[in-house]
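Trainee: Next come the chains, spelled out residue by residue.
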Amino acid sequence: MAPDWTNGNLVQFPGGGGGEPEEMMDENTVLVQRTLRSGQSIYFDGNVVIVGDINPGGEVVATGNVVVMGYLRGVVHAGAGGNEKAAVYAFRMRPTQLRIANHITRAPDGSDSGPIVPEVARIKDGTVVIETFSFGPER
Amino acid sequence: MGEVIVITSGKGGVGKTTTTANLGAGLASLGNKVCLIDADIGLRNLDVVMGLENRIVYDLVDVTSGNCTFRKALIKDKRFENLFLLPAAQTKDKTAVNPDQMRVLTEEIKNEFDYVIVDCPAGIEQGFRNAIAGANQAIVVTTPEVSAVRDADRIIGLLEKEDLREPKLVVNRMRYQMVKHGDMMSIDDIIDILAVDLLGVVPEDEQVVVSTNRGDMVVMDNTSKSGQAYRNIVRRIKGEDVPMMNLDDESGFFKKLRQIIGLK
Chain A
2 MAPDWTNGNL
12 VQFPGGGGGE
22 PEEMMDENTV
32 LVQRTLRSGQ
42 SIYFDGNVVI
52 VGDINPGGEV
62 VATGNVVVMG
72 YLRGVVHAGA
82 GGNEKAAVYA
92 FRMRPTQLRI
102 ANHITRAPDG
112 SDSGPIVPEV
122 ARIKDGTVVI
132 ETFSFGPER
Chain B
231 MGEVIVITSG
241 KGGVGKTTTT
251 ANLGAGLASL
261 GNKVCLIDAD
271 IGLRNLDVVM
281 GLENRIVYDL
291 VDVTSGNCTF
301 RKALIKDKRF
311 ENLFLLPAAQ
321 TKDKTAVNPD
331 QMRVLTEEIK
341 NEFDYVIVDC
351 PAGIEQGFRN
361 AIAGANQAIV
371 VTTPEVSAVR
381 DADRIIGLLE
391 KEDLREPKLV
401 VNRMRYQMVK
411 HGDMMSIDDI
421 IDILAVDLLG
431 VVPEDEQVVV
441 STNRGDMVVM
451 DNTSKSGQAY
461 RNIVRRIKGE
471 DVPMMNLDDE
481 SGFFKKLRQI
491 IGLK
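As they're listed, the protein sequences go chains A and B. Anchor point for the first sequence: position 78 equals 79 in this note's numbering, and the numbering is continuous, going up by one each time. Anchor point for the second sequence: position 14 equals 244 in this note's numbering, and the numbering is continuous, going up by one each time.
A hint or two may mislead.
Stated by the list, open to error - In silico DMTMM-like links for lysine to aspartate or glutamate, alpha-carbon gap of 20 Å or less:
#	chain 1	residue 1	chain 2	residue 2
1	B	308	A	110
2	B	468	B	396
3	B	306	A	110
What the hints assert, rightly or not - According to the in silico footprint, chain A covers these stretches of chain B (three or more CB under 8 Å from chain A):
#	segment
4	279-287
5	308-321
No lab work stands behind these hints: they were computed from the structure. All C-beta atoms in this analysis are idealised placements derived from N, C-alpha and C, irrespective of residue type, glycine included.
Required output: the full structure, derived from the provided sequences and hints.
Mentor: As structure tokens, then:
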């Protein structure tokens, strides 16, 4: 029962976090208006927007991008199926583990704090990089 | 060929997971190759207690359903080279695995390890039956409370029915001051009811809470009494004859003085 990871039409969006043009899928976006608790999971072919937190033990797997309008404390897999352009946006980025396409990362041991700003995680030069999310063109 | 030991209790919150983590770390520190299996599918904790949560990619259900090999799912501990964890799945429930699958899995794993320790979920339903399926030894954890002892008694009966005879008992969270004042069941009271071999007694210790929250194991703490208790249990599992620790809180001097003047 392999899921169908075929992406929808790709639409170019200028600007975005980090300043470079990025691809976001136009269609197939789901809005989740609750907090994802431990043991709850969302699997979706497209983008996922969570209006709430993802607690430790909660899991989101999406073929597209994932946006968390709250604390990301659980596991997020963006670009599942191999989309290396996918990104994870979180109002507060404290993931147990982050996965983008075929990359897996976690915070180093003993670091449970982080900056209190919105951040974005994406693949740059073959590794997952987390940066402060800045809206608008590159400055 | 290793041993498969299931840690069980019936009642929740008596310290199965803490005991599993500490015995695993203790056995690993003595050079044994140890694999811990978290059988508490849907309420996994062992990874959190060991501070390995962020390393999980595959879990027990992935292995039993054939998504990956058990070697791929094993997580190596960050302190001990020869300690491994097979985590439970969090998004599934106990029905995702059946006892036959567990029997096959433990059979496969024990070929490569000295000890396989299975952390059993609370209750006597499918999760319990899964956890004990492949075991050839059982350790029953209880606390000195009538409810926990009652559940332990029930569990020992169920273990005997599954041919896991002569389970060993660990009494956790013992408070000797309260026993002395007659406010808590003593070890003798518990043994009278359960009639099984005592493997060890772990005193109530705040240090357990501290290390658990930090993702560490108290068995590695050389200064705490609970750590010493767990190290003794580990040596008893290895077949050594270790005398029961004197956990009397009273300091040695006053005790001796009282003995001298004949007050017991």
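Trainee: Now look at each hint and say whether the structure bears it out.
Mentor: Consistency of the hints with the structure:
no.	hint	in the structure
1	308/B - 110/A	holds, 9 Å
2	468/B - 396/B	holds, 16 Å
3	306/B - 110/A	holds, 14 Å
4	279-287	holds (count 6)
5	308-321	holds (count 3)
The structure is consistent with each of the numbered hints, conforming to all of them.
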